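What follows is the residue order along each chain.
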Amino acid sequence: MAQIDIRNVSKSYGKTQVVHGVDIAIADGEFVVILGPSGCGKSTLLRMIAGLEEISGGTVSIGGEVVNDREPRERGCAMVFQNYALYPHMSVAENIGYGLKVAGVPKQARQARVEAVARTVGLDTFLDRKPGQLSGGQRQRVAMARAMIKEPKVFLFDEPLSNLDAKLRVQMRIEIRKLHQRLKATSVFVTHDQVEAMTLADRLVIMNKGVIEQIGAPKDVYDRPASVFVAGFIGAPGLNLLDATIGADGLTLSLADGQRLPVDPARHPALKPGPVTVGIRAEALTIRPAAAGPHAGLRASFDFTEELGVGQHIHAEISGQPLIIHVDGRHPYRPGSALLLDVPPQELQLFDQETGLRIQETDVLTCIDEAA
Amino acid sequence: MVERTPILNILTHLILITGLVMLLVPLWIVFVASTHDFRTVNTVPMPLWPGNRMIENYTLAWNQGGFGPKMLNSFIVAVGVTAGKIAIAAISAYSIVYFKYRFRSLFFWLIFVTLMLPLEVRIVPTYAVAANVLRPYQELLDASGLGALLSTLMGIKVSLPEWSMLNSYTGLILPLIATATGTFLYRQFYLTVPDELAEAAKMDGAGPLRFFWDVLLPLSRTNMAALATIMFVYSWNQYLWPLLIITDIANYGTAVMQLQRIVPGPLFGEPPRWHIAMAGTLMVMTPPLLVVIFMQRWFVRGLVQTDK
Numbered sequence: 001m002a003q004i005d006i007r008n009v010s011k012s013y014g015k016t017q018v019v020h021g022v023d024i025a026i027a028d029g030e031f032v033v034i035l036g037p038s039g040c041g042k043s044t045l046l047r048m049i050a051g052l053e054e055i056s057g058g059t060v061s062i063g064g065e066v067v068n069d070r071e072p073r074e075r076g077c078a079m080v081f082q083n084y085a086l087y088p089h090m091s092v093a094e095n096i097g098y099g100l101k102v103a104g105v106p107k108q109a110r111q112a113r114v115e116a117v118a119r120t121v122g123l124d125t126f127l128d129r130k131p132g133q134l135s136g137g138q139r140q141r142v143a144m145a146r147a148m149i150k151e152p153k154v155f156l157f158d159e160p161l162s163n164l165d166a167k168l169r170v171q172m173r174i175e176i177r178k179l180h181q182r183l184k185a186t187s188v189f190v191t192h193d194q195v196e197a198m199t200l201a202d203r204l205v206i207m208n209k210g211v212i213e214q215i216g217a218p219k220d221v222y223d224r225p226a227s228v229f230v231a232g233f234i235g236a237p238g239l240n241l242l243d244a245t246i247g248a249d250g251l252t253l254s255l256a257d258g259q260r261l262p263v264d265p266a267r268h269p270a271l272k273p274g275p276v277t278v279g280i281r282a283e284a285l286t287i288r289p290a291a292a293g294p295h296a297g298l299r300a301s302f303d304f305t306e307e308l309g310v311g312q313h314i315h316a317e318i319s320g321q322p323l324i325i326h327v328d329g330r331h332p333y334r335p336g337s338a339l340l341l342d343v344p345p346q347e348l349q350l351f352d353q354e355t356g357l358r359i360q361e362t363d364v365l366t367c368i369d370e371a372a
Numbered sequence: 001m002v003e004r005t006p007i008l009n010i011l012t013h014l015i016l017i018t019g020l021v022m023l024l025v026p027l028w029i030v031f032v033a034s035t036h037d038f039r040t041v042n043t044v045p046m047p048l049w050p051g052n053r054m055i056e057n058y059t060l061a062w063n064q065g066g067f068g069p070k071m072l073n074s075f076i077v078a079v080g081v082t083a084g085k086i087a088i089a090a091i092s093a094y095s096i097v098y099f100k101y102r103f104r105s106l107f108f109w110l111i112f113v114t115l116m117l118p119l120e121v122r123i124v125p126t127y128a129v130a131a132n133v134l135r136p137y138q139e140l141l142d143a144s145g146l147g148a149l150l151s152t153l154m155g156i157k158v159s160l161p162e163w164s165m166l167n168s169y170t171g172l173i174l175p176l177i178a179t180a181t182g183t184f185l186y187r188q189f190y191l192t193v194p195d196e197l198a199e200a201a202k203m204d205g206a207g208p209l210r211f212f213w214d215v216l217l218p219l220s221r222t223n224m225a226a227l228a229t230i231m232f233v234y235s236w237n238q239y240l241w242p243l244l245i246i247t248d249i250a251n252y253g254t255a256v257m258q259l260q261r262i263v264p265g266p267l268f269g270e271p272p273r274w275h276i277a278m279a280g281t282l283m284v285m286t287p288p289l290l291v292v293i294f295m296q297r298w299f300v301r302g303l304v305q306t307d308k
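Going down the list, the protein sequences come from chains D and V. Going by this note's numbering, 151 is the number at position 151 of the first sequence; the sequence numbering is gapless. Going by this note's numbering, 48 is the number at position 48 of the second sequence; the sequence numbering is gapless.
Next comes chain V alone, as it looks inside the complex (with noise of 0.2 Å):
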């Protein structure tokens, strides 16, 4: 039911911009900050009204802090998450849906109870196996007697070889692919797929594959697009992760862990330059903030699902 009436228009409208406001203000205040020198912005109380030092303060800030080449590490970082989620997701959701096999949804739940692990809960195994990919299988190896028997039948030790995957673009992309969020939202818009289109697809003779490549990628565009734009912003914002695996920072640093480095950090020396640090952290918040914008009516589409 919708209601129309003026006193609860200017109510909702009344909530909208305090809501709004709350938003912006700490906004408009790093934006301020980047404006001014050295000096006004130290000043208590901080003036609310832009300086004149804008042009500088975002030279010096790309400058010296380096973020042409870190965003174009965060940038490959993100599309590699995201692309990798996205295949991942259709891909997992596709085999769960279509399939039937034994033990399907205990597969299905298996995925879904990773959301309750994210990252940071489960950082440091997943740091062992980053530095060391095929310690698990060795470690089973052992643990099973399977390398005990071998070495005294065979008289061999046998090691697996070590593959490390810290101080790469690897390293930052591939722990982060797997996605149960992705995957659930996946398997939500097969379960509206009508049955009948898979069986069409069977009549004109499409195995599997072909159905998946050119019936449900191509339906799937709007969720895509979603899932996309949630992870574009998810990876380019992770910071702990590349902190912890990265230890080369001049060569595969990302533009946030850089942000770190700025306030009050080594790059420009203590005391605390906040409006160098403002104008940094603005310029790192720009292209999530993009593709935000470009991609808001797939994105709604796709969450909300209602065009079928």
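Excised from the complex, chain D in its bound form (with noise of 0.2 Å):
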């Protein structure tokens, strides 16, 4: 049982403070990733469960006992660090076996158990090499290996993928994600990157200039995103953001050209009137051929296109403020020329402008799920 704690948890270097009173519960077994920009705190918060960084305020229990003055080898941890951090005038083998040779596990033992891990990461052939001998997806798997053979309550991983190459993480996360089936250890995965968090977790923690801005399951995360910065850094591209005003009626935005909306009464039913920030995910927005009759949509104007293979995102501009459409085929717009838009109003989501919080909806889809 290896349930990991953390309570209000903060960290301070002098007067700088750079972990505001953190709270995350993982369940034991669990792969929870840490997500944020660089500079947010998440590889201090996972030092400080490491216990390679003091914990200034709040405490950190793994299983249930509170570790905070324990060294980082009686908290039963693991970690894989970003730049694989292997010993280079050591083998693969002795690499993986250090930390049974500090342990005073005797030699034959020893062997054994490094050759079993290096099985099962596919690194058997190489166990005589010297790190600098290797390839960049080889060392991360004998970093991946020498915590495997601690088996430890609890991995940690420091943005481990973020050295490789595009193929080469692709691979590497799903490893680590077979691994962590197979080996059913509770797991916390830092990294800034948002496509390896959605994929690898089974819950989320977003965090944002030292504070936790959400927790949650990645679909969740995806589809209702508790504010404004987790809105424009989950999805490729993020949630398309646009300032706008709620009118006196509560039911329509206006956008700074003038430009309305209807919002959806059910969804939005006691609206205040004021500034307000509004997203549509740019799969959601269509675009409409200009001969299709009357249009109560929006009308912005095109900048360019990128294109994915799989369809295209279409930049565009609206009211001054830049907008993503993305599109399945290809259109081939001129930059300057209209194009005209859908907005499903179910798929507006709005946010206050001072708090940047997420203004809650009556959740229309759960009503109907209950009443089923």
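No wet-lab data here; the hints were simulated from the structure. Hints should not be assumed to be uniformly reliable.
Among chain V residues calculated to face chain D with C-beta under 10 Å, some are [to be verified]:
1) Pro194
2) Leu197
3) Ala200
4) Asp204
5) Pro218
The structure displayed is predicted, hence computed values, not measured ones. Where a beta carbon is used, it is the ideal one built from N, C-alpha and C, also for glycine.
Assembling the complex is the task here: the two chains are given apart, and the hints tell you how they should meet.
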């Protein structure tokens, strides 16, 4: 049993506070990804769990025991570092087995375990090589094997894939996922890459400036970002965010250039008039052919396209603000040409402009689910 | 930018060759002198081609100068000083780089400024301490009034025992061991070692000593070799210090001290027998030369520190 309980944990260096009272409860066997831009305190948090940084305030407990004052080796964690941190003068086998050697495991038993672990990560033919003779992916595997051999209660990953090239990164991502399915060890994975985070996580923790913005399953975070920050950070591209004003009736949004959009009253029954940030997924927008009848949507002007292979991202401008539309197929627009957009009212997500927080909607879908 | 033009190539080679000749000619003359008999060496001008008395001269220098035991002494001292310097440098730099404590950088700079105080500058006080190692403490005791206080209170005159390092290997080695150069070299090396390595060792359960021994020392091998080369040559060539503290030359004299006694000294009598003195010089030069030749590959790598 190795649930991790992080309660009101903070970290300051002198007078600068980098982590502000963070709470996360991680269940046994769960794979949690901490996601955030660089400098948001995510690595610091991970290092506090590992015992490499002192905890300035709050408690971290692993398996029900508070570990604040314990040495890293007494916490039962293993860590995979960003730059692998392999001992350059030791062979692969020595690198993997070093933890056991320090722990005083006799040579023969050590060798057997090193070989077994090396086999599971496909390194058994490289045991005599030095890290300098290995490729990036192989070094990454050595780092994983070194963590695995200790049979830790908790795996900690500190941006382990960010030094690999794109293809290898995808491959290692899959391997880490498989490994977790087999070992079922509690894992905490820190990254700034949201694709990595979405694909690996059982649950996502999104951090910004030392505080948690949102915790939730990847799909929930994607569908219902809790704040403007999360909305812009999650998804490729992030949510389109437009400044708008809610009219006096609480039912229409107007953009700076006077264009209007209806709000779905079933989802947002009691909106206060005033400024608001509107979020729309690029996939939720559709471009309507110019010929098709009267139009209640928005009018934007085309800038350029990004080719994705499976479709295109159309970059446009609306009311002086950038907007991205995802389309299937190919669309030959010229710069400056006008686009007519259909915006389904139920796809609008509203955020308070002052606090940046989501304006919660009455969840129509849940109501239907419950009725059924 | 590397330029390749024939004229520049010739020019650079000319400069190199000139430098080499300027370095080698004196050595050649020493060698030539060591192969002639007394009369030929003292003719003016001296011949510039080796003579036929080489073996006789060298045997005579070796036997009469007693270079066997003296070289052994020199070797003991050089190895002792080198090992001591490396140990002290590695440990003190480890403390300065890897541990956080008050006045850490002050200590580093204190070590660093001793670069400006070579042995020759502080030779008198160092001699005083070597003659009586506990004397500074005795003086502290007396000057602080603590000694007087103790003697009035308890009626005992506190006097620390005398411990002299004169005429001993300890005296030859210990005062030379502290090294700012080495500490600095090691500090620079430790700074290039990624922090993550120390953290990985922590996660592997290795304590500070274990990390030092298992990771840092093996990684610093080239560094160590470079330091060893410099320090071996430095301590082999020590002249003033042994001359000062060793009076029992028969037992503790070093090879370089012995050189001082052969021209035109008491060993061979007047007038100076240059042919034999030069033979002795060349023999005394050989061990550090061999060390440099064998270590040069490591030496350069350790100082340039590119393979990381």
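Going down the list of hints, with the structure as the test:
no.: 1; hint: Pro194; in the structure: holds, 6 Å
no.: 2; hint: Leu197; in the structure: holds, 5 Å
no.: 3; hint: Ala200; in the structure: holds, 4 Å
no.: 4; hint: Asp204; in the structure: holds, 4 Å
no.: 5; hint: Pro218; in the structure: holds, 5 Å
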